[in-house]
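Engineer: Chain by chain, the residues run as shown.
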Amino acid sequence: DAGVIQSPRHEVTEMGQEVTLRCKPISGHDYLFWYRQTMMRGLELLIYFNNNVPIDDSGMPEDRFSAKMPNASFSTLKIQPSEPRDSAVYFCASRKDRVGWNTEAFFGQGTRLTVV
Amino acid sequence: QKEVEQNSGPLSVPEGAIASLNCTYSDRGSQSFFWYRQYSGKSPELIMFIYSNGDKEDGRFTAQLNKASQYVSLLIRDSQPSDSATYLCAATTVGFKTIFGAGTRLFVKA
Numbered sequence: 039d040a041g042v043i044q045s046p047r048h049e050v051t052e053m054g055q056e057v058t059l060r061c062k063p064i065s066g067h068d069y070l071f072w073y074r075q076t077m078m079r080g081l082e083l084l085i086y087f088n089n090n091v092p093i094d095d096s097g098m099p100e101d102r103f104s105a106k107m108p109n110a111s112f113s114t115l116k117i118q119p120s121e122p123r124d125s126a127v128y129f130c131a132s133r134k135d136r137v138g139w140n141t142e143a144f145f146g147q148g149t150r151l152t153v154v
Numbered sequence: 049q050k051e052v053e054q055n056s057g058p059l060s061v062p063e064g065a066i067a068s069l070n071c072t073y074s075d076r077g078s079q080s081f082f083w084y085r086q087y088s089g090k091s092p093e094l095i096m097f098i099y100s101n102g103d104k105e106d107g108r109f110t111a112q113l114n115k116a117s118q119y120v121s122l123l124i125r126d127s128q129p130s131d132s133a134t135y136l137c138a139a140t141t142v143g144f145k146t147i148f149g150a151g152t153r154l155f156v157k158a
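Protein chains in written order, with my numbering: chain A, 39 to 154; chain B, 49 to 158.
It is worth saying that the hints were derived from the structure and are not from the lab. Bear in mind the structure is a predicted one, so any value in this text is a computation, not a measurement. Hints may contain errors.
[To be verified] Label-pair ranges, simulated between beta-carbon atoms:
#1 A40/A <-> N101/B: 49 to 57 Å
#2 G54/A <-> G89/B: 24 to 32 Å
#3 M78/A <-> K90/B: 37 to 45 Å
#4 T58/A <-> I66/B: 44 to 52 Å
#5 I43/A <-> S88/B: 41 to 49 Å
#6 K134/A <-> N101/B: 35 to 43 Å
#7 N114/B <-> T114/A: 39 to 47 Å
#8 R47/A <-> G64/B: 34 to 42 Å
#9 Q118/A <-> A65/B: 21 to 29 Å
#10 E56/A <-> S74/B: 31 to 39 Å
#11 S88/B <-> D135/A: 39 to 47 Å
#12 I93/A <-> K157/B: 21 to 29 Å
#13 H48/A <-> S68/B: 29 to 37 Å
#14 N89/A <-> E93/B: 44 to 52 Å
A virtual CB, placed ideally from N, CA and C, is assigned to each residue, including glycine.
Work the whole structure out from these sequences, hints included.
Structural biologist: What follows is the structure, given as structure tokens:
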């Protein structure tokens with residue numbers, strides 16, 4: 039398996055523009071997580087899905103952020119409109135659901151977003 | 049209070065020494081705990097997981113878990129300059145979500 043695939047790797051956009059980040063999880067994984075990483079706040083969980091259903095979006099900072107998972111192999115994180123404070127590295131991670139708790143999350147390479 | 053807390057460091061140790069990284073968590077329902085390593089500009093990668101009280105050893109790495117104290121640690125023996133990275137502690141909580149601490153930066157001086 040190629041692992042978790044994110045696109046684009048880098049995104050530079052102007053304030054006010056819409057940004058869409060994409061993620062393809064590892065095949066067969068039941069959980070998908072979106073994280074945001076900044077120096078100030080570390081790695082924050084934004085939202086996660088189980089079997090394509092959003093379970094907890096309490097980490098989504100504002101209504102400008104939305105996420106979807108239309109099928110088991112694809113998810114998007116959208117920011118509309120984008121602001122300079124949204125600049126961060128956004129990671130997607132997936133995890134297989136097994137009996138028991140000791141299953142790790144595998145990360146994509148991340149999308150470095152810069153909003154100017 | 050953050051759900052998973054770590055000292056941000058930086059922690060600096062000489063080559064060959066033991067590096068000790070610590071983490072506390074707030075959700076007593078958490079069952080599994082993970083240590084990830086992240087090099088600058090890269091994504092986190094798993095080093096170890098632990099879910100039973102006590103120690104778990106894997107090569108130069110030892111993870112320790114104390115559920116009564118809600119405390120997790122990672123020891124790195126014979127530290128090498130290549131161990132210089134940010135170490136992230138994570139917990140899988142009730143609801144099966146994985147929460148990360150902010151990470152501890154480790155520098156191993158040659």
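Engineer: Would you mind marking each hint as holding or not holding in the structure?
Structural biologist: Cross-check of the supplied hints:
Between A40/A and N101/B the beta carbon distance is about 37 Å. The supplied range of 49 to 57 Å is therefore violated. At roughly 28 Å, the beta carbons of G54/A and G89/B sit within the given window of 24 to 32 Å. Between M78/A and K90/B the CB atoms are about 19 Å apart, so this pair departs from the stated range of 37 to 45 Å. Restraint check, T58/A to I66/B: a C-beta distance of roughly 45 Å satisfies the suggested window 44 to 52 Å.
A hinted range of 41 to 49 Å is violated for the C-beta pair I43/A and S88/B, which are about 22 Å apart. Range check, K134/A to N101/B: about 25 Å between beta-carbon atoms, so the 35 to 43 Å window is missed. Separation of N114/B from T114/A is about 40 Å and conforms to the stated range, judged on CB atoms against 39 to 47 Å. In this structure the supplied range 34 to 42 Å holds for R47/A paired with G64/B, their Cβ-Cβ distance being about 37 Å.
Distance hint check: the CB atoms of Q118/A and A65/B are about 49 Å apart, inconsistent with the given range 21 to 29 Å. Distance hint for E56/A and S74/B: a CB-CB separation of about 36 Å, consistent with the stated range 31 to 39 Å. Checked against the given bound of 39 to 47 Å, the beta carbons of S88/B and D135/A, roughly 32 Å apart, lie outside it. Between I93/A and K157/B the Cβ separation comes to about 43 Å, which falls outside the hinted range of 21 to 29 Å.
Here the CB-CB span from H48/A to S68/B is close to 36 Å, well matched to the stated 29 to 37 Å. For N89/A and E93/B, the hinted distance range of 44 to 52 Å is not satisfied, since their beta carbons lie about 26 Å from each other.
Hint compliance for this structure: hints 1, 3, 5, 6, 9, 11, 12 and 14 are broken, all remaining hints hold.
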